[in-house]
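If you want the building blocks of each chain, they are given just below.
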Amino acid sequence: MLINHLDRPAIQLSATTNSILKRFIAKTNKCLIAIILSALAPMAAAVDFDITIDNITRGLYFTPIAVVAHAADVNLFASGVSASTELQTMAETGEIEDLARVLTSSGATMDNNPAAGLLAPGATATSTLDTINATANTQLSIVAMVLPSNDGFVGLNAVDIPTEAGTYTFYANAYDAGTEANDELRGGGDLNTPGFPVPEPLNPVLGTGGTGVTTTTEGFVHIHRGNLGDANTAGGISDVDSRVQRWLNPVARITVTVR
Amino acid sequence: MKILLKLSLTAISASLLVACGANSNLATSFTQQAAISYRVTLTNTTAAQPFSPVAIVLHDGSWSTFNLGEPASTELEMLAESGDNSALLAAAENMVGVFGAASGTGDIGPGESESIEVEVTESQIRSLSLSLVAMLVNTNDAIAALNRIDISTLNSNESMRVNALSYDTGTEANTETAATMPGPAAAGGAQEGFNAVRDDVRDSVFVHAGVVTTTDGLTTSALSSIHRWDHPAIQIRVERLN
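So the protein lines, in turn, are chains A and B. Those letters in the first sequence? Residues 1 to 259, by the working numbering. Those letters in the second sequence? Residues 1 to 242, by the working numbering.
Simulated from the structure, these hints should not be mistaken for lab results. Keep in mind that this is a model prediction, so the values were computed, not measured. Please note that a few of the clues may not be correct.
Label-pair ranges, simulated between beta-carbon atoms [as the list claims (entries may be wrong)]:
| hint | chain 1 | residue 1 | chain 2 | residue 2 | range |
| --- | --- | --- | --- | --- | --- |
| 1 | B | 60 | A | 212 | 21 to 31 Å |
| 2 | B | 39 | A | 73 | 40 to 50 Å |
| 3 | A | 212 | B | 241 | 28 to 38 Å |
| 4 | A | 214 | B | 123 | 57 to 67 Å |
| 5 | A | 204 | B | 109 | 35 to 45 Å |
| 6 | A | 216 | B | 203 | 34 to 44 Å |
| 7 | B | 96 | A | 166 | 56 to 66 Å |
| 8 | B | 241 | A | 233 | 21 to 31 Å |
| 9 | A | 214 | B | 61 | 28 to 38 Å |
Just so you know, even glycine gets a beta-carbon here, dropped at the ideal spot from N, CA and C.
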């Protein structure tokens, strides 16, 4: 099942979100501080807002991005919880159609694939959401698979959508969906197929002939431990280049502009 | 109006007295505005990455040390490859929108902190932003940086804490060799600092992915596992003192 109906009250979610916010707020303003302070009493309000998503990594590509405004009782994923089949599909194949279908049926407001394909290192995607007719959709989540990885994805998880005009910056971490062993090898792009898909921009910069880093599947969503990689382009344990395609979180900067 | 950043506590104490006078509205006829002082405290949170002397810039929203995903300036490249902040500071001081720029007094070792006091005029607070940058010297071109943080909302005696990211300036290949890194981990090697050649796979600033090290299989690296780090490499406390 896609939607994790959290059995904890939304107020705990807000507290978690706030601690993440406080850790990586790069640019703040009076409005954001006000929002943090008022987060314990989230308001239902229609918002028309722009979202820009910057890929701030040196070596990762983002597959089609799902930008979602949703209700407070909906979560795309939660750390420590096994991934839904739809999230698994996104994280292993990069395809967001199943995710979009289920979220749309739950009443979410979405923009699918604003980058029109891969978002390269340093590239920016822009999106606009309008919850004027969906005032219950007070939470913003953004997910996309990251490549090269077996089942890694960038995730912004249910942050309060600001309701006052202004510009707000969030940083998003990469998570591991926990559904596929991180063997770090070229492989299939289908669900439950080992290895990761290799679209054209990555083909010339990946190694070949790796023996595989691990065969262990973790079983639950968690902060990604990153790629291990190696410097051997024709062998070694990994097809990932340790000098280019490792990362440290965060992997995306998300700027929300409320008009 | 350019102001000089006060690096000594004594100088700041003197200026605080001036500020008190201005606040009593006696000094306005001398076109001297009240000086507002801030204390910026940096802590190196890494295990074994000394920071080069930090460059601090106070500015309005129009200036930026770098932009993510875009090539670094030559002045930032110099700082990031050699630890020398003089060119960056000189360039900043001449930029429109910069209220003041200053250097720390020296390297900041792992676990060490440095406090630097700076001041601006009251009218500059409206749009006041803080940037700072230092090199992680046991790397090719890594920097710990705070890029354009809005501190205009701080009131008297308030403070804020910021955890800052580290970045790869993308100007030098991450070979991690003793020939190319200036820090103590490369002792015995050529320890080259600035080199104008840009030979990284990306000539752009990105969030740093960390070092690989010889412990983790990069056989040409002069680094070992202790030189690895994670974000935040630097923690900053900003206090408005008056």
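Evaluation of the provided hints:
no. : hint                      : result
1   : 60/B / 212/A: 21 to 31 Å  : violated (52 Å)
2   : 39/B / 73/A: 40 to 50 Å   : holds (45 Å)
3   : 212/A / 241/B: 28 to 38 Å : violated (57 Å)
4   : 214/A / 123/B: 57 to 67 Å : holds (59 Å)
5   : 204/A / 109/B: 35 to 45 Å : holds (41 Å)
6   : 216/A / 203/B: 34 to 44 Å : holds (38 Å)
7   : 96/B / 166/A: 56 to 66 Å  : violated (25 Å)
8   : 241/B / 233/A: 21 to 31 Å : violated (55 Å)
9   : 214/A / 61/B: 28 to 38 Å  : violated (46 Å)
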